[in-house]
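Fit chains E and W to the given chain P structure using the hints.
Chains as they are written, first to last, in full-length UniProt numbering: chain P, 1 to 292; chain E, 1 to 379; chain W, 1 to 449.
Be aware that one or more of the hints could be misleading.
[Said to hold, decoys possible] Which residues of chain P face chain E? A few of them, derived with a C-beta cut under 8 Å, are:
#, residue
1, 95
2, 103
3, 106
4, 110
Everything labelled a hint here was simulated from the structure, so no lab data went into it.
Virtual Cβ for every residue (Gly too), placed ideally from N, Cα, C.
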Amino acid sequence: MQQLLNTALGGLTLGMVYAAFALALVLIWRSTRIVNFAQAPMAMVTTFVALVVVDAGHSYWLAFAAALVSGLLLGAVVERLVVRPVEGGPEINAVILTLGLFIVLHALAAVVFGNRYRSFPAPFGVRGLEVGGTTIALTGFGVFTVLAVLVTMGLLLALFRYTDVGLRMRASAFNPEVARLLGVRVGRMLTLGWALASLVGSLAGLLIAGGSLVHPAYMDSVVVYGFVAAVLGGLDSPIGAVVGGLLLGVALSFVSGYVGSQLVALAALVILMLVLTLRPGGLFAQAAARRV
Amino acid sequence: MATALRRGRTWWAGSVLGRHLLVALLGLVVVVVVLESASDFRNLQLASMAYLGIAAGGLTVLTGLNGQISLGHGALMAIGAYTTALLLDDRDAGTPLPLVVLAAVAVTLLVGAVVGAAAARLHGPYLAGATLALAVAVPGIALYFKEQLGGEQGLRVVLPDIPTWVLDLAFFVTGQDLTRSRYVACLAWLTLIVTFVLLANLSRTRVGRRWRAVRDDEVAAELAGIRLGRARVSAFVVSAAAAGAAGAMMAITVRLAAPSGFTITLSLTLLTAVVLGGLGSLGGALLGAALLTFLPQVVTDLGVDAGLSDIQAAELAPLVYGLVMVVVVLVAPAGLVGTARTALLRRRLQRAGTGTSTSTSTDTAAPTSTSTTSKGTTT
Amino acid sequence: MRRRLHRSAPLAAVLAGALLLSACGAGGRSDDGDGGDEGGGGGATAPGVTEDSITIGAHFPLTGVAAPGYNEIPTGAKAYFDYVNAQGGVNGRQIEYLVRDDGYNPTNTSSVTNELVLEEEIFAMVGGLGTPTHSAVVDFLNDEGVPDFFVSSGSLQWGDDPENAPYTFGWQPDYEIEGKIIGQYVAENMPDAKVGLFLQDDDFGDDAEKGVRQFLDEQIVAAERYTSGNTDVGPQIAGLQAAGADLVLAFNTPSYTALSQLVALKLGYQPQWFYSNVGSDADLVGSLLSRFSEGAVEGGSGSLDGVMTTEYIPGVDQPDDPWVQLWQKVWDEHGEKGELTNYRVYGMSHAYAFVQALLAAGEDLTRDGLVEAMEEVGADLDGPQLAPFRYSADSHLGISGLRVVEIRDGAGEDLTPVLVTDIGDAEIAEDDSGQDGDAPPESGVPEAP
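Chain P on its own, in the form it takes in the complex:
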């Protein structure tokens, strides 16, 4: 019973992290119709920026802010310099480009920051909370993770639903030509979309890193799981991304605990294929008419 609960709770925290990452993918998908496979290494780089700040003796929260800001900048720079030329082009070029970026950022981080394990601090306790005398697998930092992701999701929802900027971003992505005619500065919206997405990605990176170990490849598994989570939710909806992340996190945690940790990736693949075949629009699509 306790094992069941703890496995589920562990999956929950992990799922929230996948959710954060999926949110970033959703954001970029909404703003440029590109899946950014370089999202993980971009986040990894910003986590190392935070580590540099911590090493310099500053507080966790300053490092946290530094990572988010550098994420914002990195996203904007990458979009402007590298991604802009392939936007609107064949899908395949964008995929290849972001994969190229993936490799470059990895190698760069290993050269600049060194290829070794380092610990990353957490602002809250990493001891499990006690409920009625037993310790459950939920830490102070875990609670922070859950809250941070929910708040981010809420903000994104509000951005797209209630603000002018959000509407313009959607318009730019959906139909750049028409949006341009309507006076939307499409280029600026695309940059903004990437910058915000990269910021959310950095948040995901910080949440995974907190109270754990980082090295240049520490986010790699999240590339796949974050993508699966986003697709579970339909790749288009922030709520979907979070629910998808949660479901995936819990499911994979059970596979790891009760079947075998070797099969976690296979389980993710099976879940992904099931969703794509049965409900191509994601778990929450009203109409299944979507080109996947």
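Relative to the frame of chain P, chains E and W by itself:
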């Protein structure tokens, strides 16, 4: 008039095969000469170039001609390699090598059909993500079934003794003894040539034209009576078969099939080779494979000479790959071969003094991109 | 017509290019006229050996997921070889040490080993790391007759079968004897403990489990395996907790020691931990755990206090040990930037043993001579190892034993004397060789045996 035309057409079809065989024969001669003069080390390097080339050839057909991207070809190679390893587990395994390779191809082909059927419904980023998941998932299977598949340590591959007639033949042709590394290299290149002839031929037939039609415009293709799903699955199956052959050659060259040999890096490497050379071009795939085989050593040595530590220098190779990938997509989306071809074509057109291009797109394996915009790659 | 012929031009051009490329590269080599290495064994001109140099090589993961930590081993070995070179080398020959990156990928191991052996013509492979990686080249090295010394891995296959792999030698105690010694210690001293196993899912965990189960089969209540690379070990630790294990024997790498400790905190799980030597690098784990949160994890090297482990060479936690003092001096003089770590000590320790092997083989250095010398005198070599090597004509396995210690203030406190044994049913006995407590020679360079 009509019969003359038809006769011309049949002759033409025949001549394509003939031309390919001619090139293949020429290639064979070149390969024999090269392998003969190369050292054991170069032979083994050339063998790895060959298996990378085979897999990249299959991938370039899928991505360049049919427009499907796959990040899972490393996993398909793993299936070919494990099949080979299971059949060649000790020296008296007794299965003749050609049969082993065929079995590897057949098994991979079956898996490819299943994956392809699922993939046929997916596009661009979805397909990339799904195949990425495949690449990550497959090595886990080998870990889980430890008893059968050797777990993390993998399965040893024992190359059967070289048949006497091959030794005799080799001695007769070249006048020197056939070393094992040369034998392996010959096998790999022979497989490469056979695969490339088949792929090149296939891409000129009706099947190939369908693949291109689906890539270029789905709606138009469907209106023309092409079954989209079938065209996509068939492209995937052919591509998977090539990956299976590549996996078999890899197993024989490396003498081991282990999960850590089939990480996501391998799949990305293959994609790099294809992009570098130029999507859709077999020659480009081979060129890409050559660069991937010979570049790391050169780059690492340069790094060490420039005073970097071993550890930093080792990161240079992936750094260069990644950069080249980004730059190629941005600057020369048709790849090295495609860009060179476009430049040649343009110069010839200028010399001929005509602005309008004659139709050149019917008989080329690569998408003839006459523009260098990003759309040129896949349109 | 003309155009059609044209289309085949690129393919032919590439093939021709390949010809050119390899012809250029191969040009220098093919007329060396060495039809095979076996034949050329006569005289003192072994490959890789000249009047004043010996070239040796190694494969290590310098990039990729396995690189953190392991990539420090060759820097330690290199520092020691540089130290020896600065003192005049071995028999007047300078050691040239080539390290190649394989990214822990057997395919790459195979190609860099080909490069080292066939192109760089190394005399011997020294310290190649990893079980799956080295598996890919062990046959090749033995076919070519290249001494394959001191494989950096405790798998049994490096030395249990000298007949089939006459050139391969292990170095560290294999995982099975470590498992046996730990198993016996627990059976004798904690007969009531409910034992849980936390195992890396490869030969490391398997060999160790085999050893442990010889003594503890009935006490074991759970065995959980984690997959290297998957950093979420929560479900595995939860499984041990659920099975009620109050003593966990863990066979894992240092980063997983840190991860398992963190997860245990999270779950409120407090068993007695027993980490095998590989995972118990107190210094490294301590630095990994040092930064977590406001006091939730005690920082520094004290964070593993009370944990049991084993040791077979002195490490950086014993700065007063004469061997560690030597390593510190070597690192200060010849190391790269960065601290002396246990990975680097590991590299230096096997480099020391290799210098001993070279000395034992004498001035007329040949590959077979090196192997014979090692079989002859290997078991009597002094060195940092606490127990002697098992080298003989019948066994190429490395260090024969270790001792059980408990970590106090970041350093090991002996719980047993040095215990030695061998694989299979061999008895476990106290070591009487006096290896423990010896000191390196004044110069820091071994003397010819």
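Hints versus structure:
1. 95: holds, 5 Å
2. 103: holds, 3 Å
3. 106: This interface hint holds because 7 Å falls under the 8 Å limit.
4. 110: Holds, because the Cβ-Cβ distance from residue 110(P) to chain E comes to roughly 5 Å (cut-off 8 Å).
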